[in-house]
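Asker: Modelling step: build the complete structure from the supplied sequences, incorporating the hints.
In the order they appear, the protein sequences are chains A and B. In terms of my numbering, the first sequence opens at residue 1 and continues consecutively. In terms of my numbering, the second sequence opens at residue 1 and continues consecutively.
Take these hints with a grain of salt, some might be off.
To be verified - In silico DSS-like pairs for lysine-lysine, Cα to Cα no more than 25 Å straight-line:
(1) Lys269/B <-> Lys479/A
(2) Lys511/B <-> Lys110/A
(3) Lys188/A <-> Lys137/A
(4) Lys479/A <-> Lys481/B
(5) Lys110/B <-> Lys547/A
(6) Lys110/B <-> Lys481/A
(7) Lys547/A <-> Lys118/B
(8) Lys479/A <-> Lys511/B
What the hints assert, rightly or not - Here are some, though not all, of the chain A residues that point toward chain B, as calculated from beta-carbon distances under 7 Å:
(9) Leu50
(10) Thr208
(11) Arg399
(12) Glu462
(13) Gly470
(14) Ala473
(15) Met557
Just so you know, the hints here were simulated from the structure itself, not pulled from any lab data. Ideal placement from N, C-alpha and C gives every residue a C-beta, glycine not left out.
Protein chains: 2
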Amino acid sequence: MPTKTKVNNNVKVSAIGGLNEIGKNMYCVEYHDKIIIIDCGIKFPEDDLLGVDYVISDYQHVIKNRDKILGLFITHGHEDHIGGIPFLLRQLPGIDIYAGALALALIRSKLEENGLTKACTLNELNEDSEIDFGELKVTFFRTTHSIPDTLGVAVHTPEGIIIQTGDYKFDFTPVDGQPAPNLQRMAKLGSEGVLLLMSDSTNAEIPTFTKSERFVGRSIRNIMGGIKGRIIFASFASNISRIKQASDVAIENGRKIVVFGRSMEAAIKNGIELGYLNYPKDTLIDPKEVNKVPGDKLMILCTGSQGEPMAALSRIANGTHKQISIIPGDTVIFSSLPIPGNTTSVNRVINALEEAGANVIHGRVNNVHTSGHGGQEEQKLMIRLMKPQFFMPIHGEYRMLKIHTESAQLCGVPKENCFIMENGDVLELNHKNAKVTSHYPASDAFVDGNGIGDIGNAVIHERQLLSEDGLVAACATVKMKTGQILSGPDILSRGFIYMRESGELINQAQKQVYHAIKQCFKDRSRVSEAAINEAIIDKLQEFLYSKTERKPMIIPMVISV
Amino acid sequence: MPTKTKVNNNVKVSAIGGLNEIGKNMYCVEYHDKIIIIDCGIKFPEDDLLGVDYVISDYQHVIKNRDKILGLFITHGHEDHIGGIPFLLRQLPGIDIYAGALALALIRSKLEENGLTKACTLNELNEDSEIDFGELKVTFFRTTHSIPDTLGVAVHTPEGIIIQTGDYKFDFTPVDGQPAPNLQRMAKLGSEGVLLLMSDSTNAEIPTFTKSERFVGRSIRNIMGGIKGRIIFASFASNISRIKQASDVAIENGRKIVVFGRSMEAAIKNGIELGYLNYPKDTLIDPKEVNKVPGDKLMILCTGSQGEPMAALSRIANGTHKQISIIPGDTVIFSSLPIPGNTTSVNRVINALEEAGANVIHGRVNNVHTSGHGGQEEQKLMIRLMKPQFFMPIHGEYRMLKIHTESAQLCGVPKENCFIMENGDVLELNHKNAKVTSHYPASDAFVDGNGIGDIGNAVIHERQLLSEDGLVAACATVKMKTGQILSGPDILSRGFIYMRESGELINQAQKQVYHAIKQCFKDRSRVSEAAINEAIIDKLQEFLYSKTERKPMIIPMVISV
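Answerer: What follows is the structure, given as structure tokens:
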């Protein structure tokens with residue numbers, strides 16, 4: 001006779017990433033023994049995470065429950081929604097991935113780069129797809145964002161519909177035949193009964209309605225029409241609509257187009273293959289030909305609009321780019337706004353470009369950029385369309401999540417039905433109630449080189465110390481029986497001070513180490529290596545601080561024989 | 001018979017700091033054998049100058065010409081105009097410093113802190129002061145800025161007047177009885193004949209007229225009047241008008257005031273002594289009493305409006321402040337805007353405050369801040385008042401300087417009379433011509449601990465490498481005659497990887513070093529220590545990169561016996 005077990009008929013919704021941050025989105029919707037994962041992104045580390053390449057989510061919850069996973073559904077092809085996939089697949093091979101055409105193409109090239117094409121099944125979605133898993137069914141609705149093919153996800157459960165909007169704005173006049181947001185479908189989901197709305201909070205602080213991409217197109221047309229010399233146009237490589245608009249105007253004005261920057265080249269290749277971009281014959285020319293085309297017949301499309309030091313635009317600005325350098329009369333258009341944290345680097349690139357003689361047009365002073373995320377009015381529109389019983393703001397820092405719940409309350413969601421959660425929090429809900437009941441592991445995992453999670457806060461802290469005042473290493477061989485110093489002490493420093501000009505300081509430091517070792521053996525023979533190392537650290541730290549007011553990391557290397 | 005020497009009757013004007021940057025202002029006006037220095041500031045280092053405390057100017061030009069120096073004139077008391085004085089005085093004791101009352105008080109406490117009170121003579125200025133040095137005479141004109149007692153400097157030379165505006169805005173309705181800008185005096189200088197105008201370019205990108213401080217006062221009054229709980233008010237400590245306005249409203253509303261943060265305490269002490277601030281008895285209370293006052297009867301004034309991690313506000317937000325922590329219902333007012341580069345830190349503090357339950361009001365969404373620098377219309381007003389023959393934009397990054405010269409040209413200065421210079425460039429001028437004729441040393445000098453200029457780009461580069469992937473040190477004692485390894489090799493890492501969890505990697509690395517040393521001696525006896533060290537670096541670098549895709553700095557320490 002089988003044991004009677006209590007069946008939990010609640011839906012569990014959690015974010016393994018994407019709350020209190022913009023980046024590394026990853027959400028789970030669970031019902032009985034089934035898990036739907038939505039998105040799997042990376043986050044670019046802030047400056048204080050020294051040497052970290054990417055930050056990804058802690059995947060242990062999904063790895064532990066691998067047998068329950070029905071699939072990974074992708075809302076769109078930005079890195080903060082797909083960038084984690086190679087890291088996830090290494091630990092969780094064999095899962096089904098579902099995504100729209102463009103996102104799928106981007107995922108595919110990512111998998112090829114990482115030799116992971118066989119680690120999963122790729123399934124192409126469009127907004128009419130319905131993926132039926134029995135108790136759970138997944139459907140989609142078209143939205144608009146700064147990359148084509150953006151979908152919101154609806155997970156239909158016996159308790160009601162769970163909506164994850166993905167990143168969105170309401171662009172009612174998208175460009176180049178791309179479809180407008182499907183308001184009818186959103187409204188229909190709202191009529192059918194949305195249990196929980198998880199909605200993009202990025203622009204919760206902006207009290208307006210985000211301008212249409214078409215508006216930017218007009219500005220680009222006006223500005224580029226009046227430019228005489230070369231045009232260098234920088235934007236996010238993934239913003240294919242923007243690239244298309246700039247390319248169209250360039251071609252109308254009889255300009256040839258050259259593409260610089262690996263991700264821009266890849267984006268244009270993808271865009272052409274999928275039919276988003278269409279360049280007449282001979283308009284795209286080889287980078288080697290760039291200096292053969294007259295300036296007023298040329299537009300350069302490039303990466304680097306965020307001031308990234310290794311991107312094409314920074315190298316052009318600094319004169320370290322192989323093919324071109326700035327000549328007076330060039331115009332550089334930043335079709336972008338600096339992400340907070342990048343302002344200084346972007347300003348540095350603008351200054352360098354202008355010093356080299358370029359005229360620079362950037363988003364702050366011209367209408368050559370619009371956001372991909374909806375402002376407060378669009379967030380309210382989404383809430384009014386979906387009429388959710390419960391509301392969870394996602395994809396935003398705390399203050400954005402907070403303002404977003406205030407909007408939800410203004411749109412009729414009761415305060416007690418709004419949940420500002422943290423990564424890992426599990427919201428358990430049914431058609432009557434919702435409550436945070438548990439917590440999954442959801443710490444940041446650092447990727448550095450090919451290591452995932454093998455460095456943590458302790459290693460980062462050491463890097464911070466090293467970055468502040470460098471290091472001083474002291475090396476000696478000591479006969480432990482007698483305390484005799486057989487070789488050394490030798491002193492060496494890095495990142496601390498100019499060694500050559502500090503001979504006297506180094507000599508004195510050497511003496512300090514000598515005395516520190518001798519002192520250890522003064523009263524007794526045989527001391528531990530650890531004790532000698534500690535004595536060296538104390539002595540050197542004190543001595544060097546008294547001389548320099550700096551605190552380099554002391555690295556004692558006593559070899560005992 | 002004395003040799004007949006050619007006398008150069010040109011005025012030489014240069015910036016040792018303050019061009020293509022915002023920070024470390026320092027200007028020289030020279031005529032015959034006389035030098036007037038204007039301002040002597042520091043710059044706070046950008047993030048990539050790891051471990052650098054301040055950046056100061058290269059003082060060698062003025063040190064070399066110490067006998068010619070008539071005095072150092074200070075426009076106002078901000079760090080980017082006075083912060084370099086202690087460093088200058090250590091190398092150039094005995095000079096005369098001239099400044100307005102508040103700047104002088106701030107300089108005096110700086111000198112006391114550094115034991116330098118006897119290293120110079122301090123002379124108090126007001127706008128009617130005239131300092132006559134014979135051929136040169138220095139006069140002043142009142143301006144307005146985000147600190148009281150701000151002066152522009154006019155150096156009268158036989159060739160015409162040289163103007164350095166200092167930092168300014170045109171605040172026609174300053175608060176608390178502070179005087180408005182002296183338009184009459186500026187106009188009179190303009191009538192007398194300004195040869196060169198050197199003018200503040202900070203807000204050259206802003207196409208408007210900066211709002212008056214009085215406007216901010218009204219917003220603060222409206223906002224604070226409606227707040228029920230505690231108010232935490234954060235602003236720059238030097239913005240005494242702002243502090244006064246917030247204090248006045250707090251007192252009107254029956255609130256007591258507590259001050260947190262060393263620089264805020266010092267500013268208030270100074271402000272009271274000089275009569276800028278006036279607190280009725282019992283309104284300023286001891287920090288220890290902070291928790292005895294009911295929330296609606298309390299305002300906390302504190303530092304940290306730029307998200308500085310060690311300032312009072314960050315510590316309050318993180319719960320690490322000794323006296324207080326956030327309780328729900330607290331309102332925090334950021335009466336400031338983040339300086340570019342600080343946006344991320346400020347956002348972090350706002351998020352932490354809101355997560356702890358505070359309501360946060362910041363400059364972006366409310367009118368609780370205005371700039372201390374004039375926008376384009378005020379820059380044009382200055383040019384129209386001064387009617388300069390030649391124009392040099394100062395105090396700004398390149399793109400600001402460029403826009404500022406465009407404004408000058410719109411206001412009638414011929415294009416060829418506008419000079420966008422670099423630090424060190426020397427503009428030589430007389431009543432007919434002006435030309436950049438030479439260049440003084442003007443590199444950045446880094447201050448770290450008590451060292452000035454003893455670290456440079458090479459040391460910073462080592463810190464950058466260390467901060468990326470940490471270090472691996474390898475130590476061994478080798479008998480050079482035989483190649484016998486007497487002790488070691490020992491391996492140690494910092495900031496590279498969790499050592500404990502990487503035992504196998506460290507073992508393998510040890511073997512690599514062993515083989516590298518042995519290989520050196522394979523074909524011959526006696527090799528150089530340098531050659532062994534190099535072999536270790538090559539071998540370890542290659543090995544560790546193949547295993548981890550990281551490039552830690554390799555520190556070989558072979559002791560030869």
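Asker: For every hint, state whether the structure bears it out.
Answerer: Each hint, compared with the structure:
1. Lys269/B <-> Lys479/A: violated, 60 Å
2. Lys511/B <-> Lys110/A: Distance of about 36 Å is beyond 25 Å: violated.
3. Lys188/A <-> Lys137/A: holds, 16 Å
4. Lys479/A <-> Lys481/B: holds, 21 Å
5. Lys110/B <-> Lys547/A: holds, 22 Å
6. Lys110/B <-> Lys481/A: violated, 54 Å
7. Lys547/A <-> Lys118/B: Roughly 24 Å separates the two Cα atoms, so the pair holds.
8. Lys479/A <-> Lys511/B: holds, 23 Å
9. Leu50: This interface hint holds because 4 Å falls under the 7 Å limit.
10. Thr208: violated, 12 Å
11. Arg399: Constraint on Arg399/A satisfied, holds at 5 Å.
12. Glu462: This hint holds: Glu462/A lies near chain B, its Cβ roughly 4 Å from the closest one there, short of 7 Å.
13. Gly470: holds, 6 Å
14. Ala473: Holds: closest Cβ of chain B sits about 6 Å from Ala473/A, inside 7 Å.
15. Met557: Result: holds, 4 Å to nearest chain B Cβ.
Hint violations for this structure: numbers 1, 2, 6, 10, all remaining hints satisfied.
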